[in-house]
Amino acid sequence: MSDNPMKPYLGRLAEVKDLASEIKLFRVELMNGGCEAFQGYQPGQFAFLSAFGLGEAPFGIANACGQGNTLDFAVNRLGSVTTGLHEMGEGDILGVRGPMGNSFPMEAFKGRDLVVLGGGIGGAPLRPVIQTVLANRADYGQLTILWAARHPSLLVFTDEYEAWRSAPDTRLHLTVDQADPAWDHNTGLITDLLRKVNPSPKNAVTITCGPPIMIYYVSRMLGEMGFSPVNNYVTLEARMHCGLGKCGRCNLGEKLICVDGPVFNMAEVGNMLETFL
Amino acid sequence: MYEPRIIAFLCTWCSYTGADSAGIARMKSPANIRDIRVPCSGRVSPELIMRAFNQGADGVLALGCHVGECHYDTGNHRAAKRIPALHALMTYAGLEPERLRLDWVSASEGERFSKIATEFTEAVRALGPIHWKMESRRLEEAAKRMELESESVPLPPADCAGKTDAIRLKARELLSSQAVECVIGYEVGPRGRTRPVFIHSPEDVERLVWNPGCVNNLTSYLDDKLTPVGGKEPPKPVAVVAKPCDSRAVNVLVAEHRFEREKVHVIGVTCEGVAGEDGNLQFRCVNCQERTPVVYDTLVGAPVEGRASDVPARRIGQMEALAPAERMEFWLGEFDRCIRCYACRQACPLCDCPVCLFERDDSLWVGMGIGLDEKRTFHLGRAYHMAGRCVGCGECERACPMDIPVCLLNHKMAQEIEKMFGHRAGMTVAPSPIITILSGEYKEG
Amino acid sequence: MTDQWASANKRWAVTQEQLAGWLDSLAKVRTIIAPRDVSGVLLFRKVADSSQVAWGFGRTVMSVKEAFLPSTERLLTIHKTGQEVRLEVELAEGQQIIFGVRPCDARGVRMLDAVFLDSNPVDPYYAARRANTALVGLACRQVGASCFCTATGGAPDEAGDMDVMLYETGEGYLVEAVTERGRFLIPGGEWPQTRQPRPQVQPPEAAFTVPAREDWPRFFNQAEYWDRMAERCHSCRVCAYICPTCRCFAVRDEALPKPGEYERIRCWDSCEGKNYRLVAGGHRPRSVKGERIRNRMFCKFMYFPEQYDLDEAACTGCGRCIDACPVNLDITEIVTELGRLA
Numbered sequence: 001m002s003d004n005p006m007k008p009y010l011g012r013l014a015e016v017k018d019l020a021s022e023i024k025l026f027r028v029e030l031m032n033g034g035c036e037a038f039q040g041y042q043p044g045q046f047a048f049l050s051a052f053g054l055g056e057a058p059f060g061i062a063n064a065c066g067q068g069n070t071l072d073f074a075v076n077r078l079g080s081v082t083t084g085l086h087e088m089g090e091g092d093i094l095g096v097r098g099p100m101g102n103s104f105p106m107e108a109f110k111g112r113d114l115v116v117l118g119g120g121i122g123g124a125p126l127r128p129v130i131q132t133v134l135a136n137r138a139d140y141g142q143l144t145i146l147w148a149a150r151h152p153s154l155l156v157f158t159d160e161y162e163a164w165r166s167a168p169d170t171r172l173h174l175t176v177d178q179a180d181p182a183w184d185h186n187t188g189l190i191t192d193l194l195r196k197v198n199p200s201p202k203n204a205v206t207i208t209c210g211p212p213i214m215i216y217y218v219s220r221m222l223g224e225m226g227f228s229p230v231n232n233y234v235t236l237e238a239r240m241h242c243g244l245g246k247c248g249r250c251n252l253g254e255k256l257i258c259v260d261g262p263v264f265n266m267a268e269v270g271n272m273l274e275t276f277l
Numbered sequence: 001m002y003e004p005r006i007i008a009f010l011c012t013w014c015s016y017t018g019a020d021s022a023g024i025a026r027m028k029s030p031a032n033i034r035d036i037r038v039p040c041s042g043r044v045s046p047e048l049i050m051r052a053f054n055q056g057a058d059g060v061l062a063l064g065c066h067v068g069e070c071h072y073d074t075g076n077h078r079a080a081k082r083i084p085a086l087h088a089l090m091t092y093a094g095l096e097p098e099r100l101r102l103d104w105v106s107a108s109e110g111e112r113f114s115k116i117a118t119e120f121t122e123a124v125r126a127l128g129p130i131h132w133k134m135e136s137r138r139l140e141e142a143a144k145r146m147e148l149e150s151e152s153v154p155l156p157p158a159d160c161a162g163k164t165d166a167i168r169l170k171a172r173e174l175l176s177s178q179a180v181e182c183v184i185g186y187e188v189g190p191r192g193r194t195r196p197v198f199i200h201s202p203e204d205v206e207r208l209v210w211n212p213g214c215v216n217n218l219t220s221y222l223d224d225k226l227t228p229v230g231g232k233e234p235p236k237p238v239a240v241v242a243k244p245c246d247s248r249a250v251n252v253l254v255a256e257h258r259f260e261r262e263k264v265h266v267i268g269v270t271c272e273g274v275a276g277e278d279g280n281l282q283f284r285c286v287n288c289q290e291r292t293p294v295v296y297d298t299l300v301g302a303p304v305e306g307r308a309s310d311v312p313a314r315r316i317g318q319m320e321a322l323a324p325a326e327r328m329e330f331w332l333g334e335f336d337r338c339i340r341c342y343a344c345r346q347a348c349p350l351c352d353c354p355v356c357l358f359e360r361d362d363s364l365w366v367g368m369g370i371g372l373d374e375k376r377t378f379h380l381g382r383a384y385h386m387a388g389r390c391v392g393c394g395e396c397e398r399a400c401p402m403d404i405p406v407c408l409l410n411h412k413m414a415q416e417i418e419k420m421f422g423h424r425a426g427m428t429v430a431p432s433p434i435i436t437i438l439s440g441e442y443k444e445g
Numbered sequence: 001m002t003d004q005w006a007s008a009n010k011r012w013a014v015t016q017e018q019l020a021g022w023l024d025s026l027a028k029v030r031t032i033i034a035p036r037d038v039s040g041v042l043l044f045r046k047v048a049d050s051s052q053v054a055w056g057f058g059r060t061v062m063s064v065k066e067a068f069l070p071s072t073e074r075l076l077t078i079h080k081t082g083q084e085v086r087l088e089v090e091l092a093e094g095q096q097i098i099f100g101v102r103p104c105d106a107r108g109v110r111m112l113d114a115v116f117l118d119s120n121p122v123d124p125y126y127a128a129r130r131a132n133t134a135l136v137g138l139a140c141r142q143v144g145a146s147c148f149c150t151a152t153g154g155a156p157d158e159a160g161d162m163d164v165m166l167y168e169t170g171e172g173y174l175v176e177a178v179t180e181r182g183r184f185l186i187p188g189g190e191w192p193q194t195r196q197p198r199p200q201v202q203p204p205e206a207a208f209t210v211p212a213r214e215d216w217p218r219f220f221n222q223a224e225y226w227d228r229m230a231e232r233c234h235s236c237r238v239c240a241y242i243c244p245t246c247r248c249f250a251v252r253d254e255a256l257p258k259p260g261e262y263e264r265i266r267c268w269d270s271c272e273g274k275n276y277r278l279v280a281g282g283h284r285p286r287s288v289k290g291e292r293i294r295n296r297m298f299c300k301f302m303y304f305p306e307q308y309d310l311d312e313a314a315c316t317g318c319g320r321c322i323d324a325c326p327v328n329l330d331i332t333e334i335v336t337e338l339g340r341l342a
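Residue numbers (my numbering), protein chains in the order written: chain A, 1 to 277; chain B, 1 to 445; chain C, 1 to 342.
Wrong hints could be hidden among the right ones.
[Stated by the list, open to error] Lysine-lysine pairs mimicking BS3-like chemistry, simulated, CA-CA at most 30 Å apart:
#1 C:Lys289 <-> A:Lys7
#2 B:Lys81 <-> B:Lys115
#3 C:Lys274 <-> A:Lys255
[Said to hold, decoys possible] Take a look, some chain C residues computed to stay more than 10 Å from chain B by CB distance:
#4 Val38
#5 Leu117
#6 Gly182
#7 Phe184
#8 Gln193
#9 Phe220
#10 Arg228
#11 Ala250
#12 Glu254
#13 Ala324
#14 Asp330
#15 Glu333
[What the hints assert, rightly or not] If we take Cβ atoms under 8 Å as the criterion, some of the chain C residues that face chain A in the derived model are:
#16 Lys46
#17 Trp55
#18 Glu73
#19 Leu76
#20 Phe116
#21 Val143
#22 Arg247
#23 Phe249
#24 Pro257
#25 Val279
#26 Ala280
#27 Glu306
#28 Gln307
#29 Leu310
Simulated from the structure, these hints should not be mistaken for laboratory data. Glycine is no exception: its CB is placed at the ideal position from the N, C-alpha and C atoms.
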């Protein structure tokens, strides 16, 4: 890290595209030393993006290192910082601090079946996992992706579904809470889809990301389906201000999501999850 | 060369058009004025005016339609009520009165607009730039605060035992019959301090006490206790032990539709006054005419004679005797100690906005920093918001860890509101006269 | 407590006049911060000379935390012109001495060190202030009614976190240099050395026993207990702001008067505030008062020590929160009752 971890690197917005309703994909090119800092970052890590003049917020890095020479971030327009980011155009300068947090234990996942569950924009931090698996396909077992959103217009990375589906030993299942006339996949909550797909716990790990309530119910159902909590991984988020384990805001019990997480397995945090709701 | 920067709020229908016609007729108006067009002078909320000053305006002019000519009938009545109240507050806080002016200009009165604009600009020019800032050197010198008049009055005798018994009796009755879900009263803690307590079952009523340490305003818990939480059952009634000043807060809360009157059983207690830190009568009690609660369901205690003192009024007089610059220095020196903990706001029974104007994430009205500018904005803003609503319970000042004389602001506003409207907060179920309640908008539940 | 200092290290005996004179000469070359009467409120503020110190001072309303983690601090100045962005950082400069620090407050600084210095990454803003500051401590001769430093592992005459330590005697002070930096400040040759022992001080009665860290997890799900404890809380945050170890802060960008210029600032915040965990979108964890009080207690006695590798609780026992709370929420009471829960 730099000698001042509160000072962002500058990044140029190389590309902005619409990902879903009110969600944009930002591709950021790092400048002045940021490239070294982000060398070798791992799936699951996150960074703070600054809309200078408005503030900063944490976002999961949505692409695996080496997949393109930019950092991808999915940004949902909700508050003042994200609105400021959404108003930026290609070529604009923003700030980047990171990489922060821990990462998914991709080494430990090798040779095992993976079940990836993404809810809404929660799919973004899971994309680097999917990309890593697909780029090293032989190292991993079966890949089952359950991708959900409240509505078809809120599904993210739709233009990559074909590539995912057509990869060897990889299945993609989609569901929305509320369909529209053009929708011809599953309708219902991700927990309904999970029950329907019924993945086997044998030699499998699950990775879940989405709204807190979704993580809660999915984890409970996985338990009922015979998954041991130690094989259920989640990536969590909370309001953060420093990302460095100083400001105290993101605590989940004695753990800080920014330094002890954001990746946890449910054996570590299962009993604390209610405080999140 | 100092050129005053002036913001003018002009209403679309009259004064803006008046300003326009002045321009068209080539009448001279100072270039110092930035016009902000609003639909009606009633739209000019005091927060906007304060914001203009906070952002560096040297003067603010608000011009509306003549009374009786407002396009919206009574919009300018709101301006006529609110802006003078703000003016009194700002003047009291040390802003020269000439820096804020409210006046009336009709669409055809170009000449009048020009005259007012010129007069106002010259008056502001003569005052020099606005001087909200205090030299940091001055602050570092930790200047001695001007001695405020005070009065040390020993605690009068009171029948605490009798009142304690009566409160316990009533509490037992209400809880046993399940008329209320809990009784909010006072108890003595392990260290000997009297403090709020929530009694939920009749077996615990022996914890309730009445003594000179009963300083808290327990009505500050009512809003939370009686607000329905989404999806859950409607809240059950509660009982609250209320001193006369506290009881006034019940009236204001009911007037502002925070909860229904039937949901609260007020155990009103007549009060000889409560103790300050030095064991004498707390300052707010030295001048108190209402020794019997103004609203109650059960009355505890025999009538108590009021106590008059002109010291609180003299304190205000002390402030008013100072020149504006000295007054400003006094207040900035006080606000400098503030740490924006918001204890004053949280202890107040009436301050309960879901997101406080001064705590917004987007820093719309004030930044997040704990600097002097921000603190001045918060305290003056809150004093304005309390005008006509503050019941003088003094909890804000008592809660402040830095001994900031918050009540000195609130008392002044209470005095102004009484002078202008003959209104004293909480004496009846009526909102502050400078709040407009639009009919049909406030519904129960 | 063995009196090792008398034999191993130097100890000086000085009068009030000598001490005042020392401060005056230090004030010529350093910024001195000491307890002052600020409109009737005892606070640590700059003093120009010893006459401005509120001699005979007890416990200040605010701890010395302010000197290392100010209530508001600028992290960056941001200059935006067109598409260009330039960032500037300014770290605190200038040597300063804080005089009259009580052992509880110095312990608080040590705990903040665990957060900002000893845990990666180092916070450069805090580090600059800390490197430039010397602590001259004053042992407590008497303890206050709300003091409980011994219950959390401290002592009224604990010198370990100071650079120089003073002990009041009937005739003046005993002075010890605790660190190299402290020795450098002392005008060694001018003062008479002494073998006088440290004055005895009556420590506060250990008002309660803090439950061991391992016991705390079982207190977590006692929702009824926490709701009951928190019932009278106003969520006002005074306790956190005056606390020597509370360090939660918020970061935000604010516009500066010049167009295109902004500052990124951090300022104090507290988990007791209603909207502390509010996120854009409206979700608000810890919306219940009991959950917030629980978090603060757990943080002091379990989370903070776990996270930053402390052997003791992150509470110095200064007692400020007990006295300042408008509704007399009492940390010793809460923890004592907790220990009694089955």
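Do the hints match the structure? See the list:
no.	hint	in the structure
1	C:Lys289 <-> A:Lys7	violated, 35 Å
2	B:Lys81 <-> B:Lys115	holds, 24 Å
3	C:Lys274 <-> A:Lys255	holds, 21 Å
4	Val38	violated, 5 Å
5	Leu117	holds, 23 Å
6	Gly182	holds, 26 Å
7	Phe184	holds, 26 Å
8	Gln193	holds, 36 Å
9	Phe220	holds, 22 Å
10	Arg228	violated, 8 Å
11	Ala250	violated, 6 Å
12	Glu254	violated, 4 Å
13	Ala324	violated, 5 Å
14	Asp330	violated, 7 Å
15	Glu333	violated, 6 Å
16	Lys46	violated, 26 Å
17	Trp55	violated, 37 Å
18	Glu73	violated, 10 Å
19	Leu76	holds, 6 Å
20	Phe116	holds, 6 Å
21	Val143	violated, 29 Å
22	Arg247	holds, 6 Å
23	Phe249	holds, 5 Å
24	Pro257	violated, 14 Å
25	Val279	holds, 5 Å
26	Ala280	holds, 3 Å
27	Glu306	holds, 4 Å
28	Gln307	holds, 6 Å
29	Leu310	violated, 12 Å
The structure fails hints 1, 4, 10, 11, 12, 13, 14, 15, 16, 17, 18, 21, 24, 29 (numbered hints given earlier, in ascending order).
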